[in-house]
Every structure is written in C-alpha cells, then in structure tokens.
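J.: Sequence:
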Amino acid sequence: MARPKQDTPTSGELEVLKVLWKRGPSTVREVLEELNQQGRKRAYTSVMSLMNVMADKGLLDREPLGRAFQYTARMPQESTLGGIVGDLLGRVFEGSAPSLVTHLLEESKPSAMELEEIRKALEQYEEENGT
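The opening position of the sequence shown corresponds to residue 1 in the numbering used here, with each subsequent residue numbered one higher.
Just so you know, the hints here were simulated from the structure itself, not pulled from any lab data.
There's no promise every hint is true.
[As the list claims (entries may be wrong)] When the alpha-carbon atoms are kept at most 30 Å apart in a straight line, the in silico BS3-like pairs for lysine-lysine are as follows:
| hint | residue 1 | residue 2 |
| --- | --- | --- |
| 1 | 57 | 41 |
| 2 | 41 | 120 |
| 3 | 18 | 41 |
| 4 | 22 | 109 |
| 5 | 109 | 57 |
| 6 | 109 | 18 |
| 7 | 18 | 57 |
| 8 | 120 | 22 |
| 9 | 109 | 120 |
| 10 | 41 | 22 |
Note that the coordinates shown come from a computational prediction; the quantities given were computed from them, not determined experimentally.
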C-alpha cells in the first residue's frame, strides 16, 4: 500500500528548508555544503534528488542559473512551522493546547530564562488577542 501524502515536510525536507531560509536562494551544491557542515555527510545526487522532489511537491521554487538551478523556499519559515505545529496539535494532542504545552515543557526542561521568555510570550499573546 502506498504511503499517504504528507502535508508537512519530512525531516530531510525540513533540513533543506532551514538552509534555504537561512541562506536565501541557493544551488544544490550550496545546500549540500551547508548540510555537510552540520554533521552527517550527504551525496550531491541525494540532495539534488530530494530538492527536485521538493520542487515537484511545491515546497521549493526552481529557477535556471547558468548550468545549474537556484532553489528558493516557497513558503516563509513561520508559515511552515505553524503548519507543522498545527498538524502536531491536531494529530497527536487532539487539539489540546494545554496538553501540547505540558508535554513540551516536560521534554525540553526550559531554564529559568526560557520560562521567563515563555511568560512574556503568553502575556503578549493575551494582550494582542484580548484574552
């Protein structure tokens, strides 16, 4: 049976997107070099195949640049991350934001400084949304 189409990027696709969000428009070679600096070595053809699939799926735009192609993330980082969190919230936590936050805190064990940043974000959210 075929695997169902995934609405959110795979972990490998997300790695490529992070490079493109950081660098901006890039060739396969530039993305490969950045990925290889992060640890696990990858082959040029593997990254090229992944990026071509991502372009076919609508995650990347591809424009000719001399003999190569230049790729750009189609969606901004915040939109993509929001979609991933929304998918996680719905599929795993059945729409329960308190459950998601509780698990997040238990798993990440934030420092006092990070907890203060979270409190500020909550206060800002309440001010902006009138809750």
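J.: Kindly indicate which numbered hints from before are broken by the structure, ordering the numbers from low to high.
T.: 2, 5
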